[in-house]
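Residue numbers (the numbering used here), protein chains in the order written: chain A, 1 to 148; chain B, 1001 to 1152.
Bear in mind the hints are in silico, worked out from the structure with no lab data behind them. Possibly wrong hints are sitting among the right ones.
Said to hold, decoys possible - Part of the chain A face toward chain B, derived, beta carbon under 7 Å:
#, residue
1, 11
2, 17
3, 19
4, 20
5, 22
6, 32
7, 46
8, 83
9, 102
10, 131
Each residue gets a CB set at the ideal place from its N, CA and C atoms; glycine is no exception.
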Amino acid sequence: MGLSKEVKEILTNNFRLAHRPAQVYTVAVGAYNLFAVVDGPIEVITAGGYVTAAAVGATTLATTFSGIAGEAGAVAINGAVGTVVYIPVNVGGAILNAAAIPKTVATLTSMFVGPGNIIGTFGAGTSWTGELFLVYKKLSPRSFVRML
Amino acid sequence: MSLTKEIKTAMSGNLQLARRPAQVYTSAVGAYNIFRITGPIEVISFAGLVTAAAGGATTVTTTFNGVAGDAGAVAINGAVGTVVYIPLNVAGALLNAAAIPKTVATLTSMLVGTQPAGVWGTVVLTFGVSTWTGEWLMQYRKLSPLSRVITA
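All chains should be modelled from the sequences, with the hints used to inform the complete structure.
See below:
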């Protein structure tokens, strides 16, 4: 096997970070297409956000991954600047927002996601500002995540 | 995607290691801010290594941005060469032994931000009872491309 192919094969098995730089998300818009899962399935290992400016109001977030709920329901994520948001990628789990968040056995979940969009819906309040991230693993050599 | 871009993309998802070389920690000082965090990260494993005999039954407890990383202070005065395991979870116990399994019950990671606003995220170790000498190792994953962990 050539070096290039060898390297590509190794990289295929690595974790990857998909990242959306900070922006303002408004309740008026509501649903945002955040990421697209393209050309094959992935396993989402960790999903969440990072507050970079104060939210206006008690803005909530709810997510879907190719149409499947990523949590039990919308939760306010208007924590202080610098706090992190944890999306449990499981309809049985709750979104959390704190200075630091343990992923315990009860919340240690990943999610297989087929091609489609990852959508964040912002409700209540007025707006939320921050970064959003997704750590994932390819389940097919061609799979990747594109920021929308 | 070019191979260079492919490698850069893949590397951003790789685990990183922050290390604080061996030093003496004293209960007189108590709290040490050992790492500074510049952006969101996921701490995967956090461990210590005893490099010289402790002065007594020295205890340690941890916080990440003020959030407890363990259930409470535990003596970590094991022999030179033993490792210390921080559970990254307020429900878990600190352990100190020659080898420590990460079982299903202790398999925890922790997302850590940079609160309070405008200041670094902090990893604080608080020592009690006596002195302790060793190094600290934190394996983490960046959750933002610019996130870094700096030895404080």
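These are the hints, each one checked on the structure:
With its C-beta approaching chain B no nearer than about 4 Å, residue 11(A) sits inside the 7 Å limit, and its interface hint holds. The restraint placing residue 17(A) at the interface with chain B holds, with a minimum CB-CB distance near 4 Å, inside the 7 Å limit. The restraint placing residue 19(A) at the interface with chain B holds, with a minimum CB-CB distance near 6 Å, inside the 7 Å limit. Here the hint on residue 20(A) is broken, as its CB sits about 10 Å from the closest CB of chain B, past 7 Å.
At a threshold of 7 Å, the smallest CB-CB gap from residue 22(A) to chain B is about 9 Å, leaving the interface hint violated. The criterion of a C-beta within 7 Å of any C-beta in chain B is not met by residue 32(A), whose closest approach is roughly 18 Å, and the hint is violated. Hint status for residue 46(A): holds, given a least beta-carbon distance of 6 Å to chain B, under 7 Å. Annotation: residue 83(A) was flagged as interfacial toward chain B, and the flag holds, the nearest CB pair being 5 Å apart, inside 7 Å.
The beta carbon of residue 102(A) is positioned within 7 Å of a beta carbon in chain B (closest approach about 4 Å), and the interface hint is therefore held. For residue 131(A), the shortest C-beta to C-beta distance to chain B is roughly 6 Å, which falls under 7 Å, so the interface hint holds.
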